[in-house]
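Novice: So the chains spell out like this:
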Amino acid sequence: MDEIVSEFIRRTILKIPVAEILKILRIWNFIPESQLKTINFQKFKEDVCQQVVELCKKKRASMEEAAILDIIYHQTCQIKKIWIVYKMTKTPDEEVDLFDMEEFKDTFKKVLQRALKNVHISFRDYEDNAVWIRIAWGTPYMQPNQYKTTYVVYYSQTPFVFISHCRVKKYIPELWQALMTAGNYHKIRQMELRSLYLDSLKSIVFKQYNQDFQTYCLTPLQEGNTENEIVDPRIINENVKEKERIQRVTRETFGDYVQPRIEFAQYKLETKFKIDSKNGILAEREEPFRCLVKFSSPHLLEALKSLAPAGIADAPLSSLLTCIPHKAMNYFTIREK
Amino acid sequence: MAASQRHGILYQLERLEASEQRSTRRQERHQELEDTESDLEGKILKLRKLRDELKTKVKLQEASARIPITNLEPYEELKNCKENLEMKLEKAKAFFQAFHLTGLNGRLTTKGVCLCFNTAFEGNILDSYYVDVIIKKPLTIQRHSVPVFIPLEQIAAKYLQTNFQNFVYSLSEHLNAYSGRKYQADQVQSGFSAFLARPLQRNSLCTLLSFTYTMDPNEESFPFCARLLYHDLTITLPTSVTITYQGTGATPASWEDQRAVHVTLFYKNALHKVFESFLRVEKNFDCLSSIPRSR
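Chains as they are written, first to last, in the numbering used here: chain D, 1 to 337; chain Z, 1 to 295.
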């Protein structure tokens, strides 16, 4: 087995948390179960990696199989890459587009390999009729670098493509061309939406996050004040009306469902500075005031949802914050009207 | 012409004249090609229009062949008040039943109406899909649970503002057909996996199904490779069926006969029903083989 391949496999296994290694190797299905049982997981991680590499050497793993292992790793441990959403469009056609996954993969591979000489392309089918494409980029004079990869996730018969952020930006146009030709689309544009959480991006663009229609149609229950069981009827909550109003407005804006998970929202302001007094340097300034505001959180939308009930912000919140899932954007540029 | 010199002016003029003639001929040919191209394009549009008209005609005929539900008796003055109320109740129940059978219902919301599409296929109740419509000018869809690959935007662009009934009907057609195709594929995958060489391949809309199968699950080989295409998003039976030989060597004559039979079966029956028929054939053979040969 090639030194490059064995080193690549070793480094891939090293990235996997020890608890997941066996699961991922089973999904990979390259090393038989009988040999997997011989791996001693009690040792140090480097040792475990070495054991796996030895087993792979015995079966003479090729770069193709190692690439599949890499895809499985990224499919299982998903929060490793930033995903950017792209939308493809085509002129509305009378004819029904019969999408054949095998044809898509063939065409994609042909078009990309025709445009670029040294690329290594691997596919792995995924649930819900989707495919993960892994592309290792080379140059006309160098073999593909397996550590500089771009991932593409595409759900069949949808206009959206999820592409992982990669430092190699030179060949992005060729990638777009291959996707459009294979998927039968004419244009592609980058949406202002990106996140670490691929599932959340999918639920935002496929509009799958607000699916509680059964409860939506029923009248909302009167929320009683369940915080403190106050026995004495002379003690009342002074702000009960305001609290109820805030709860109602929050529910109307955000719904009862769990928000999709994104970790930041960025607002680029290109607006003129508004100030009352005519004096000062900033007053009457013709050029727009450039400013970047970034909100970060482990779970941004849930955090925004809890701002008004926690008393930190007024309800209703600014529509710039609440429109994130509806507009499928978390990168905004605000200009003068 | 023999008098003109080799590279004299007259010769040059002759050459220029000849090349001009060639270029005008080329232009004419090009123009002819363009004309035929636009003619053919016009023909294509006409044929497509004709095809769509014929399709709607067929659909209308099929719809009118169904028994009308609203054929109720005219209201009659009844002597007894109680009987009157009971009859009204019965009529109302019948209406609700009729609507429930169509799988469409709606509920009023604070801003508009929430439509519920309950899909079914051959008596099996399948998934439900919801569309929230806000009633204001223009009508907008606030949110929905329709899968992203159903052309909701196209249907809405075509009908939502102009003909709400058509919008509902068209969307219901698409959703029911998708549910039906998905149900057939799921049934085959779960109930008849022994007949398949590997998991059935499909796209999101289930408009292209590809599978390799056998009629006898006890056999080692899977000699049939079928490809079903559904060129219309509102139908549940395929528009194109191709079966190819999946074995080595020449195709046996018996395979050809079976292929012809299978093609017809796939065109006319739901997918899982075809596999059910294979199961019945196999069971018949088993019964026959268990009969003692004493004659």
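If you are wondering where the hints come from, they were derived from the structure by calculation, not from laboratory data.
A portion of the hints provided could be inaccurate.
[To be verified] Okay, the calculated bits of chain Z under chain D, using three or more residues with CB under 8 Å as the criterion:
1) 30-41
2) 253-266
[Stated by the list, open to error] 20 Å max Cα-Cα, derived DMTMM-like pairs, lysine to aspartate or glutamate:
3) 187/D <-> 174/D
4) 43/Z <-> 95/D
5) 182/Z <-> 93/D
6) 90/D <-> 90/Z
7) 43/Z <-> 93/D
8) 182/Z <-> 128/D
9) 182/Z <-> 125/D
10) 49/Z <-> 95/D
11) 57/Z <-> 95/D
12) 182/Z <-> 100/D
13) 87/D <-> 153/Z
14) 49/Z <-> 100/D
15) 136/Z <-> 252/D
16) 158/Z <-> 128/D
17) 327/D <-> 232/Z
18) 158/Z <-> 95/D
19) 55/Z <-> 97/D
Since we're looking at a predicted model, the values are computed, not measured.
Ideal Cβ placement from N, Cα and C applies to all residues, glycine included.
Novice: Look at each hint and say if it fits the structure.
Specialist: Okay, the hints, checked on the actual structure:
1. 30-41: Three-residue rule not met by the region 30-41 of chain Z, so violated; n is 0.
2. 253-266: Violated - the region 253-266 of chain Z has 0 residues with a Cβ nearer than 8 Å to chain D, which falls short of three.
3. 187/D <-> 174/D: holds (13 Å)
4. 43/Z <-> 95/D: holds (16 Å)
5. 182/Z <-> 93/D: Given that 20 Å is the threshold and the Cα spacing comes to 24 Å, the pair is violated.
6. 90/D <-> 90/Z: violated (52 Å)
7. 43/Z <-> 93/D: holds (17 Å)
8. 182/Z <-> 128/D: Since the Cα atoms of residue 182/Z and residue 128/D sit roughly 12 Å apart, the hinted pair holds (cutoff 20 Å).
9. 182/Z <-> 125/D: Status holds; Cα separation ~18 Å.
10. 49/Z <-> 95/D: Holds. Residue 49/Z to residue 95/D sits at ~12 Å (cutoff 20 Å).
11. 57/Z <-> 95/D: holds (19 Å)
12. 182/Z <-> 100/D: holds (16 Å)
13. 87/D <-> 153/Z: Between residue 87/D and residue 153/Z the Cα gap is close to 15 Å, so the pair holds against 20 Å.
14. 49/Z <-> 100/D: Roughly 27 Å separates the two Cα atoms, so the pair is violated.
15. 136/Z <-> 252/D: It holds: about 18 Å lies between the C-alpha atoms, which stays within 20 Å.
16. 158/Z <-> 128/D: Given that 20 Å is the threshold and the Cα spacing comes to 28 Å, the pair is violated.
17. 327/D <-> 232/Z: violated (31 Å)
18. 158/Z <-> 95/D: holds (16 Å)
19. 55/Z <-> 97/D: holds (18 Å)
Against the hints set out earlier in the document, violations occur for numbers 1, 2, 5, 6, 14, 16 and 17.
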